Amino acid sequence: MSESIILVKNKEIVVPGQPLAKGKLNLGKDVYRDKFGIIRAKKLGLVDVKEDNISIVPLSGVYIPREGDITIGIISKITGSTIIVDIRSPYQGAIPIPRGRAVERVNMRKYKLKLGDVLLAKVKAFDGSSSLLLTIDMEGLGKLEGGYLLEVDPAKVPRVIGKRQSMLSILRDKTRSELIVSNNGRIWVKTPSLKELLVLEKALRKIENESHISGLSDRTSSFLSQELSN
Amino acid sequence: MVMPLYIEKKPEVLITEEGIRTDGRKPRELRPIRMTVGVLDKADGSAFIEWGGNRILAAVFGPREVHPKHMILPDKALVRARYNMAPFSTPERKRPGPDRRSVELSKVIREALKPAIFAENYPGSVIDIFVEVLRSDAGTRVAGVNAASMALANAGISMRGLVAACAVGRVENFVICDLNHDEDMWGNADMPMAMLMESEEVTLLQIDGPMTESQFKEALELGRDSIRFLYEMQKEALKRPYQVIERSVKGDL
Amino acid sequence: MFGPELITHNLLRDYIRELASQDQRIDGRSLHEFRPIEIKEGTFTKAEGEAWLKLGNTQVLVGVKADVGEPFSDTPNKGVLVSNAELLPLASPAFEPGPPNENSIEVARVVDRAIRSADAIDMSSLVITEGKLVYMIFLDMYVLDYDGNLEDALTMASLIALARAEISEVEVNDEGEMIIKESKWKLRLKDIPVNFTFVKIEDKLLLDPVLEEEQVSDAAITLAIDKEGRVCSIQKKHGMFTMEEIIKAANIARSKWPQITDKIMRVI
Numbered sequence: 001m002s003e004s005i006i007l008v009k010n011k012e013i014v015v016p017g018q019p020l021a022k023g024k025l026n027l028g029k030d031v032y033r034d035k036f037g038i039i040r041a042k043k044l045g046l047v048d049v050k051e052d053n054i055s056i057v058p059l060s061g062v063y064i065p066r067e068g069d070i071t072i073g074i075i076s077k078i079t080g081s082t083i084i085v086d087i088r089s090p091y092q093g094a095i096p097i098p099r100g101r102a103v104e105r106v107n108m109r110k111y112k113l114k115l116g117d118v119l120l121a122k123v124k125a126f127d128g129s130s131s132l133l134l135t136i137d138m139e140g141l142g143k144l145e146g147g148y149l150l151e152v153d154p155a156k157v158p159r160v161i162g163k164r165q166s167m168l169s170i171l172r173d174k175t176r177s178e179l180i181v182s183n184n185g186r187i188w189v190k191t192p193s194l195k196e197l198l199v200l201e202k203a204l205r206k207i208e209n210e211s212h213i214s215g216l217s218d219r220t221s222s223f224l225s226q227e228l229s230n
Numbered sequence: 001m002v003m004p005l006y007i008e009k010k011p012e013v014l015i016t017e018e019g020i021r022t023d024g025r026k027p028r029e030l031r032p033i034r035m036t037v038g039v040l041d042k043a044d045g046s047a048f049i050e051w052g053g054n055r056i057l058a059a060v061f062g063p064r065e066v067h068p069k070h071m072i073l074p075d076k077a078l079v080r081a082r083y084n085m086a087p088f089s090t091p092e093r094k095r096p097g098p099d100r101r102s103v104e105l106s107k108v109i110r111e112a113l114k115p116a117i118f119a120e121n122y123p124g125s126v127i128d129i130f131v132e133v134l135r136s137d138a139g140t141r142v143a144g145v146n147a148a149s150m151a152l153a154n155a156g157i158s159m160r161g162l163v164a165a166c167a168v169g170r171v172e173n174f175v176i177c178d179l180n181h182d183e184d185m186w187g188n189a190d191m192p193m194a195m196l197m198e199s200e201e202v203t204l205l206q207i208d209g210p211m212t213e214s215q216f217k218e219a220l221e222l223g224r225d226s227i228r229f230l231y232e233m234q235k236e237a238l239k240r241p242y243q244v245i246e247r248s249v250k251g252d253l
Numbered sequence: 001m002f003g004p005e006l007i008t009h010n011l012l013r014d015y016i017r018e019l020a021s022q023d024q025r026i027d028g029r030s031l032h033e034f035r036p037i038e039i040k041e042g043t044f045t046k047a048e049g050e051a052w053l054k055l056g057n058t059q060v061l062v063g064v065k066a067d068v069g070e071p072f073s074d075t076p077n078k079g080v081l082v083s084n085a086e087l088l089p090l091a092s093p094a095f096e097p098g099p100p101n102e103n104s105i106e107v108a109r110v111v112d113r114a115i116r117s118a119d120a121i122d123m124s125s126l127v128i129t130e131g132k133l134v135y136m137i138f139l140d141m142y143v144l145d146y147d148g149n150l151e152d153a154l155t156m157a158s159l160i161a162l163a164r165a166e167i168s169e170v171e172v173n174d175e176g177e178m179i180i181k182e183s184k185w186k187l188r189l190k191d192i193p194v195n196f197t198f199v200k201i202e203d204k205l206l207l208d209p210v211l212e213e214e215q216v217s218d219a220a221i222t223l224a225i226d227k228e229g230r231v232c233s234i235q236k237k238h239g240m241f242t243m244e245e246i247i248k249a250a251n252i253a254r255s256k257w258p259q260i261t262d263k264i265m266r267v268i
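Each protein sequence line maps, in turn, to chains F, Y and X. Per the numbering used here, the first sequence starts with residue 1, numbered consecutively. Per the numbering used here, the second sequence starts with residue 1, numbered consecutively. Per the numbering used here, the third sequence starts with residue 1, numbered consecutively.
No lab work stands behind these hints: they were computed from the structure. Keep in mind it's a predicted model, so treat the numbers as computed, not measured. The hints are all genuine.
Listed below are the simulated PhoX-like cross-link pairs for lysine-lysine, each with C-alpha atoms no more than 20 angstroms apart in a straight line: (1) Lys69/Y to Lys77/F; (2) Lys156/F to Lys239/Y; (3) Lys186/X to Lys78/X; (4) Lys250/Y to Lys206/F; (5) Lys22/F to Lys9/F; (6) Lys9/F to Lys239/Y; (7) Lys206/F to Lys239/Y; (8) Lys256/X to Lys204/X; (9) Lys9/Y to Lys184/X; (10) Lys9/F to Lys24/F; (11) Lys202/F to Lys156/F; (12) Lys263/X to Lys227/X; (13) Lys10/Y to Lys181/X; (14) Lys250/Y to Lys11/F; (15) Lys114/Y to Lys35/F; (16) Lys250/Y to Lys239/Y; (17) Lys9/Y to Lys181/X; (18) Lys40/X to Lys263/X; (19) Lys29/F to Lys76/Y; (20) Lys239/Y to Lys11/F; (21) Lys190/X to Lys78/X; (22) Lys163/F to Lys206/F.
The shape of chain F in the complex, shown without the other chains:
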């Protein structure tokens, strides 16, 4: 690929508009090509160059839904035909309550859904601007009972999960807790006691703050051991 010049180092922190490369490269996430053909960052983040692809791993950002995402939502309104769900995004989710005796309707009754309830829901369809359909009609989805919700910046969700769920396993095992991490950055936890919850929260802040520095799993693991032994 002699036709391309990369102007930044891989994993370097760049700001929006910063020139990244010139020439023939595939544009990944959160980059754009300006009118002079220069590839620039759209967001504050880390440069990620993989073969012919260049993209930005953002360091922060609001959750924008994609079809197939698993989200944790909070019921903010119930009308005769729809359950409105807040998913920490500019777009509210809707779960239609079908007429008749459809499976979903039976599920609604089973859960006795009410305002403020917390749902594990999947993004079924999203038109990109206004209509966002969620579903809880699948194995494993539905109302979350007990436990508590923590939050991380949605941009940091991949780091909380880790490669092949490595980070998630560390968090679960060390704190002896149940954890569900959703794409919208809400994390449902059930910990043995308040102590583990407070340690988990600190660990999540640490993951958020240090996500751009390698060796995150090892650091988190020893941090948890140390905090929990206190």
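Given chain F's structure and the hints, the job is docking chains Y and X onto it.
Same frame as chain F, but now just chains Y and X:
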């Protein structure tokens, strides 16, 4: 009837023949500037700028749901900006609430930042920008633009680039940058300016006071050079928290 | 309690209640413990006195400005104190731009009432010419970041800003003209009436609630204690309390007063 405990005093000399200004600066010299990002917990993005005697806080919320609903734009994000001065930001207490000046500045700041935002990436949502002047000392709108632009980047919003801003102007025959209070009050021309730095396009430009053709050209160039300097400061300020953490983590190892 | 539009969920409600019943709190504090209080150093306003105070993640900035003007006709021998609070839209997604609403007016009045009822400012010392010219003190409270308990944060910051205020001396000459002098005088506090806010959750009283605790609480009350240990102002907000609970809250507040005033005294 309320009278302020403050008297405006005009300096005898605004600029010496050698080009020394009332605060001792040379014509092309900026006041001390410090920028910090991520200063607020509840906002999605925030920045604080200390520029000369100015203290300005900027925060960004969004993209978030639009209220009231009738303002929704179906194909892009609505961008709103509010410039507001604290009652204690001026020598004479300012009555709270918007006045004609702050309404205009809110619009000018919005128009300065909007071209930098990929609003089409967030259809049907709103991005709210709040600029709060806590202490004013000439040049609050340009300081506010710098802070707001950093707050947008800090919030992780898709942008073409950062917008940096600086005021330039004229005192007698000198074209100067970064007007201080005296120059703002008694100088001959004031020209706040902002640019989308990566493409060097002007997103804010106002002039109050006359300049000749050559002075105007000189002012534009001085504006661009000053803005370049501010842009480098913005970049540094946005990256700094991550570098600080990196140093402390590596120091621990 | 502000912002009904802020999303709360039932797990939050249930968990905070469960913890309270075991004398625990969501951030690990004990029931009657304040969050860390930090007073930021530096100059942030053009006010005659100021304080930028952090109470946990709640941040407030208070500025005291002085002007001169005519006294009110019914109090010709007293100065004027005007208190105003702004819940800035940058402080919370629940705050909207606009004129003061019932929440911002209430919180400003709760702070104002504590200061007035304890006679913390000698209002007669603000008189320049009786019946004609007095100092007018403007107490402007700015909420920058809202994570619960604005009352206590704003009261502490207001007391500090007032005690730090240095105001230009004014003289009236024989022709009746006002002359602003170079010299300054200090607005001294006669008392330090601190506000203490409690919420009630599961029959427990929690001092200095965070936002989440405010949101799920059954009731809320703010009490001011003066230097004699007297309760000098109260504002019961939402919900209800038994008389025993109110007496208990006053006792807890009284026991915490020295700790808070010590913090305040260190920076004024």
